[in-house]
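Protein chains: 2
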Amino acid sequence: MARAQVQTQLEEDLRRTCWVCFATDEDDRSALWVKPCKCKGTSKWVHQACLQRWIDEKQRGNSTAKVSCPQCNTEYIIIFPKLGSVVYLMDVADRIIYKTCPFLAGGIFVGSVYWTAVTYGALTVMQVFGHTEGQSKMEQADPLFLLLILPAIPVMLILSKMVRWEDYFLKIWRKHSSKVPFLNLLFPGSQNRLQRVPAQPSPLSDPVSATRVLCGALVLPTVATMAGKLMFGNIRSNFQRTLMGGVAFILIKGVLKIYYKQQQYYRQAQRQVLDYPSDSE
Amino acid sequence: MARAQVQTQLEEDLRRTCWVCFATDEDDRSALWVKPCKCKGTSKWVHQACLQRWIDEKQRGNSTAKVSCPQCNTEYIIIFPKLGSVVYLMDVADRIIYKTCPFLAGGIFVGSVYWTAVTYGALTVMQVFGHTEGQSKMEQADPLFLLLILPAIPVMLILSKMVRWEDYFLKIWRKHSSKVPFLNLLFPGSQNRLQRVPAQPSPLSDPVSATRVLCGALVLPTVATMAGKLMFGNIRSNFQRTLMGGVAFILIKGVLKIYYKQQQYYRQAQRQVLDYPSDSE
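Note that the protein sequences, when read in sequence, are chains A and B. Position one of the first sequence corresponds to residue 1 (the UniProt record's numbering), numbered consecutively onward. Position one of the second sequence corresponds to residue 1 (the UniProt record's numbering), numbered consecutively onward.
Chain A on its own, in the form it takes in the complex:
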């Protein structure tokens, strides 16, 4: 029994075929063989060199990747000569650098955004208070305080731009519009009974709306300065004039927006789907 088994084993070993290059022992007597996995029969045999090439291909340049037998999924046992201590230290350093770099790059990105926000804040202060007054105000302030308050300026502008007060106002108005009928005279068509309640456009749903909030928020101080000079040229304080200009701009824009949205609302409420024109008509 044991003898028969040894016999079979020997015969099998003599019939071995490399599953990469399909060569047998007779084709190449000097090649090194390896049976690296749990596969049974002749399919377990493979040339050491062929398997190395195959592993290289699977690893795709990442020499530490694990590779398994495609048939039985056994992970190959790959050994390397021992590392010298210098190379070992370098290896550790390389790994640490590899792991920290993404975080460092993230830090650089955050720092870049922060620095832009600080710069924007400083420019806004100089715009709102006037160049010289703004500069002297910032020079008098505590630098640490400035590094907190200046980047907060664009953040606050963006956050406040995200408050859609016109929408709240419209919602309340639509609820109670029957009580102030004279306001409805502004809107042609609003006297007719609405055929339907139109669907609400979804706010901030797409990336374009997000860029719109960003641009609108960051442009506001410039617009406020311009509006202040245009409408309140007699006010001497830069800050007061710009503030008044900003408030006036926001109010005028809000009223126009409410008017526009309400008009669109009535238009949507009165939309009609037509019969498809048949050929006979």
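Note that these hints are calculated values from the structure, not bench results. Incorrect hints may have been included.
A pair holds if it fits inside one copy or across any two, identical chains being indistinguishable in the list.
Calculated pairs, DMTMM-like style, for lysine to aspartate or glutamate (alpha carbon to alpha carbon, straight line, at most 20 Å) [unchecked claim]:
(1) LYS40 to GLU57
(2) LYS253 to ASP94
(3) LYS38 to GLU75
(4) LYS38 to GLU133
(5) LYS161 to GLU133
(6) LYS257 to GLU139
(7) LYS35 to ASP56
On the provided structure of chain A, position chain B as indicated by the hints.
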């Protein structure tokens, strides 16, 4: 013949069923009907109100989206009351703002990156030349020139970091290493005949490598300053000292990297796949 056709048409119209709510004329005598598409037979009929709701759902808050019949794919003809000229102007303005905002946001992003690069460049000049000397140098220079040259500093650092001179050196060395055998004594195992040529690790293939290039490039001036103070403390000129420190650092790091890579190369060349340990052994 014509009379029979009219008859059928009438009968068909009386049997009409809304394809949204499945109600017939008998269910609701007052509802408005519409046949908005090319569909034939009773399936062409739908309630105006039901279709409006269905269109609202399809449009998902985008009231200008086109909607077609799910059956015959005919685009519905939707009409609105005429726009007043004020609302028309607002509509045009809204569209223009909607189209320009993504570009403006892109501009803000580019400007932010540019401004960070300018700041980094200015900090680097102050670091390399020393705080006071760097500042006076920048104050003397033409502002326009500065706005070009300062952001070029990080760009040049990153680009030069992407030149993998160690790899070129290694390639040449591996080709001609047999001619300078004494150098090979540095590498244990290199005297043995290599069993195979290992696969080359692919450079810059993954995002982590990209962050590594970025971090390495931006940290270089700081490291160069430190290396200069450490190794060339006797040089008085800040610029010369930092330059020497940088060159020394790059050379030392390059030599170490070449040594490390060549070691890894030999290690990879000598890797072996082991037989899977069978239970009987």
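### Task
Check each numbered hint from earlier against the structure, then list the numbers of those it violates in ascending order.
Structure breaks hints 1, 4, 5, 6.
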